[in-house]
Amino acid sequence: MTDVVTGPRPGASTDLVGPWLRPIATGASSAVVAGVRELDGRSVMWIEVGSTRLLARTDFDVMSRAVADAASVGLPIMALVTTMAPTLGPEPGPLVGWGGVARALTAASGIVPILFLIDGAVTTGIALLLGLADVVIATDHAIAYVSAPRAVAATSGRSVSPVELGGAAVHGGQSGLASMVVETLEDAVVIAADLVAFLPSNNLSEPPRTQGHDPVDRPTPRLATLVPDDDRLAYDVRDVIEEIVDDGELCELRVGFGRSIVCGLARLDGHTVGVVASQPAHLAGAIDIPSSQKAARFVQWCDAFGIALLTLVDTPGYLPGRDLEWDGMIRHGGQLAFAYAAATVPRLCVIMRKAFGGAYIVMDCATMGNDVCFAWPNSKIAVMGASGAVQILHQRHLAGFSTEDALGERQRLEDDYAALHLSPDDALRRGYVDAVIDPTQTRTALCRALGTLSAKRSVPIARKHHTGPL
Amino acid sequence: MSGDAAEINTWLLLASSTGRFRPAVAADDWVYLGSLVGHVVASGRESPVHATRAGTLMGLLADDGQLVRDAQPVAWLELAS
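Protein chains in written order, with my numbering: chain Y, 1 to 470; chain P, 1 to 81.
Mixed in with the good hints there might be a few duds.
As the list claims (entries may be wrong) - Reference excerpt, derived from the structure (chain P facing chain Y, CB under 8 angstroms, subset only):
no.	residue
1	G3
2	I8
3	W11
4	D70
5	A71
6	P73
Keep in mind that the hints were calculated from the coordinates and are not lab data.
Note that the structure is a prediction, hence the values are computed from the model and not measured.
Heads up, the beta-carbon is just placed ideally off N, CA and C, and yes, glycines get one too.
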């Protein structure tokens, strides 16, 4: 390591959280500064990128070295970017420089957590580095795109502003790039520190366990009424999560993207858990492409860092749609199935209400490999709901009735189907559910189950890497 | 704020509204500025999509009947030199 800096560069935001501990790397340029820094008691590799000038090759070399050092010593990477764009000129050095950073980030992926905090413009192909990060926290001032507005205009005549093309609102919703959107850089650093507190420093360490004051046997009485019995009625699953986890605290990621599934970090009995929950408040909890992508990435990330998974299921199935199929529902749906099936961390599943069809399977069902599966007494685990099943199974039978009589007959058949199939009892008998629990005992049951699984280990068969659906 | 350098002799034709796209041209057709490329149909109303540059229509980016959003690319041209 050469050209060691002796402290933060002037104007750097080093007074936000804590002092520098051991600066590691920098180059001749001052556009990038990197070093180990303490953030709320945790050491992280802190990389600051930002200046009024564009980045040179040496800047990218500094970033690459810092990323490689972080992976080597097992420290989370926290890159704070105010502006990031390469110098474009006859020399290819700056342009190819970020390729080295991409390579270093890829090598560090899954070894240490990678967080990017964006508070300005990240433009050109270098913006793809953000796509390699585990978590991107964008401020309201963040802008990121590969091709500029003028390039959009030059190929379509469409006038679009930088904010419209790649502002924080775009990346917090439509694109799904930003895991979180906050107002200021200070907020971003605080949120990042909160997030790191859930995470191990690297894949060989255990996630930190807190000594909480929330009793593991705390009843959860609100769960008896939060979820309506009528499965056509919506509710916000965040309320359910908050009732279950320690101190009601959920650190949700990608709130505005793939909204029919909620993903976030929380704790159970002090253990970090990654929560994946159907969200009936959006599209009735039906899985679509964005929600599938979001959940798949989150499950894979949790698994990489030894974070147990808690899956809360209330989904009517996959969202139907021709364009959805054309856009690759199978390809992207496969990502979620792959991520769960490959995960070796402790996996807890609670079927709260509906668990229908293929969506039930990919939401960590027993055959996908969950370790413990609880169901609430009113849950419905089936290929489909009563209405759809009767339509398919008894279509000819119903055709023999007059319109008026068919309504009554249809209702009778639906009631019979519901009584026979739409309960957890059959799944319990077949071993797809381990226990039917009272909703008010959900937290207790989950904490106990997680305790018994905390020593879970797996030894995968060696291979170069999987060929899963990226 | 600059973006990636892109020198593409390509022009995208965009949907004029949200609805089902109905193409009126086929690949390899030559289109003039203002040529009718297709329609976007919504609630029984047709909104024409006209070529905003002249060139060879290299391909459709939306299939016949596909739901498109306003300003979604529906075809691409290789521009006349």
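* To do: Report holds or violated for the interface hint on P:P73, using the least CB-CB distance to chain Y and a cut-off of 8 angstroms.
  => holds, 7 angstroms
* To do: Tell me if P:A71 is really an interface residue toward chain Y, meaning its C-beta lies closer than 8 angstroms to one of theirs.
  => holds, 6 angstroms
* Satisfaction of the P:D70 interface hint, Cβ to chain Y closer than 8 angstroms -> Hint on P:D70: violated, closest Cβ of chain Y at ~11 angstroms, above 8 angstroms.
* Interface hint compliance - P:W11 to chain Y, C-beta minimum distance less than 8 angstroms -> holds, 6 angstroms
* Mind checking the CB of P:I8 against every CB in chain Y and telling me if the closest is under 8 angstroms? => holds, 6 angstroms
* To do: Go through the hint on P:G3 and say holds or violated, using the shortest Cβ distance to chain Y against 8 angstroms.
  => Status holds, d = 3 angstroms.
Checked against the numbered hints given earlier, this structure breaks only hint 4.
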